[in-house]
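Novice: In case you want the letters, here they are:
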Amino acid sequence: MSEAAVEADGLSASYGGGPALSGVSFSLAHGQTLCVLGPNGGGKTTLFRVLAGDLDAETGSARVDGRPAHLPQGDRPRLDFPVTALDVALMGSLAHGRWWLPPRRHERAAAHAALERVGLQTSEHERFGSLSGGQRQRVLLARALVQDARVLLLDEPLGGVDPASAERITALFAELRAEGRAVLVSTHDVDSARGFDRVLCLNRRQVAFGTPDQTLGREVLEATYGAEIVVLDGGRRAVTVQHHAH
Amino acid sequence: MIDFLDALLDPLRSGLGRRALAEVALLGALGGGLSFWVTSYRLSYAAESLAHGLLPGAVAAVLIGLPVAAGAGVGVLLAALLVAAAARDERIGVEAATAVAVSGLLGLGALLALAPESPQRLEELLFGDPLSVTGGDLAVAGAAVGAAGAALAALHRPLTAVAFDREGARAAGVKPALVSAALLALVAVGLAVAVRGLGNLLALAVLVAPAVAVRGRVRTPAGAVVGGAVVAVVAGMAGVALSFALGLATGASVALALCAAAVAGAALPAVRPERPRARPAAPAG
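Same order as they appear, the protein sequences are chains A and B. Position 246 of the first sequence, counted from 1, bears residue number 574 in this note's numbering, the numbering being contiguous throughout. Position 274 of the second sequence, counted from 1, bears residue number 322 in this note's numbering, the numbering being contiguous throughout.
Bear in mind the hints are in silico, worked out from the structure with no lab data behind them. The structure displayed is predicted, hence computed values, not measured ones. There's no promise every hint is true.
Here are some chain A residues pointing at chain B (derived, C-beta under 8 Å) [what the hints assert, rightly or not]: (1) 399; (2) 405; (3) 468; (4) 551.
For every residue, glycine included, the Cβ atom is placed at its ideal position computed from N, Cα and C.
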């Protein structure tokens, strides 16, 4: 029996108050992709933080095969900091230890290769802060690729990126799957979820888990998003109406 | 004019002056190198607080005849522990805890220094005096700078990753809290070294001003660290030379020279970002 890449069993987690997430149970094999769907505050980031080991599960358990590569959500990096795209990609090699020494030749080669995979090989010496939003997201994805993990946790990797970058990143999911890696991606985009092997719907609890055909129906989506979703074409299409704070 | 230029070389003509130059070179090399990280991690207030909080330790060292840097080191550790303990009470908060702990320690240090049995050196501890350093002080400072410099070099990659993106660094396996704590420990060493030359009121100058001077003129964190150290050493030596030439207090002159370098650096236009260097494209197929 092959071991699952990611497993959660009756998982719940909180930040000290009420549960931010509860009742999550799913399993994902190597070479599979999982789309985590849910509204803002639905528990997607909480789930990824538990799987990454940054947050302890309150009840239940979570198991990940090896140390996952985690692309956290949001626009956190400092744009005024004097680092290039290559410097940022190289930060992924810190996961391999030896942080007290300069990067080795093969680590530099891995960073070059990762930037090439995300289509930024010609921009590797550009200042991170001078890149476009989509390019910056691809550089951060390259940093995660350099970790060479069997499991990747990508929290909203398509948020706010330009269409060209989104296309490049989506194509990468398929490549990573073909390499036998498990890829977990959180997104608001219901339509893009149809391209994944599995879908996990969260709204502070697990609403559904299964194949896209099993999970992306009107009933499940309305239970996941409530008033934030508009279901079109008799359930064949759905768009979310998210309210972001600015 | 020639007399003035000649006077600038006076520090080289006496053991007193040469020791003062060596002292400001050591505190400049470490403090200037640290200054990029102090400003990147927004630790200026914390550094100022630690500098003020080390006074009781420095006074105690004078009273029992130990090198000031050693007493300052113990004092800054005590200040850090006191601030950390007070900050654990959520009703107080970090800022208020720091303010209360540091004011208390500064008051305690002043009481000790002004006691009748204390030698008349409070002014020196508050404002520093590179001219009073001994060979022993230089040896302690040299050892501390060597050790802290090696630690700073070893921590360069984690410091860069956390300063750039704290959450992303954590995701790459770095422990940001440990990195920040290590940096604070290095700042404490830097203060312990700087307090002999600049005093606990002026030591902050070497931990902040060099970074301001080179900001906008560097392309890499390593460049900022080295640039900050060079600016601090040069400005510090210029301060010593000017104090000899003009008959001014040496510690204050060094602090003013560091701040003048910061003002000059901030006033100059920033360098334009480096043009991207494209790698040759891989052959097709």
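Novice: Holds or violated: the hint that residue 399 of chain A contacts chain B, with Cβ atoms closer than 8 Å.
Specialist: holds, 7 Å
Novice: Measuring from the C-beta of residue 468 of chain A to each C-beta in chain B, is the shortest one below 8 Å?
Specialist: Cβ of residue 468 of chain A sits 7 Å from chain B, so the hint holds.
Novice: Would you check whether residue 551 of chain A satisfies its interface hint, that is, whether its CB is within less than 8 Å of any CB in chain B?
Specialist: violated, 30 Å
Novice: Does the CB of residue 405 of chain A sit less than 8 Å away from some CB of chain B?
Specialist: With a minimum Cβ separation of about 4 Å from chain B (threshold 8 Å), the hint on residue 405 of chain A holds.
Comparing the model with each numbered hint stated earlier shows that hint 4 is the single one that does not hold.
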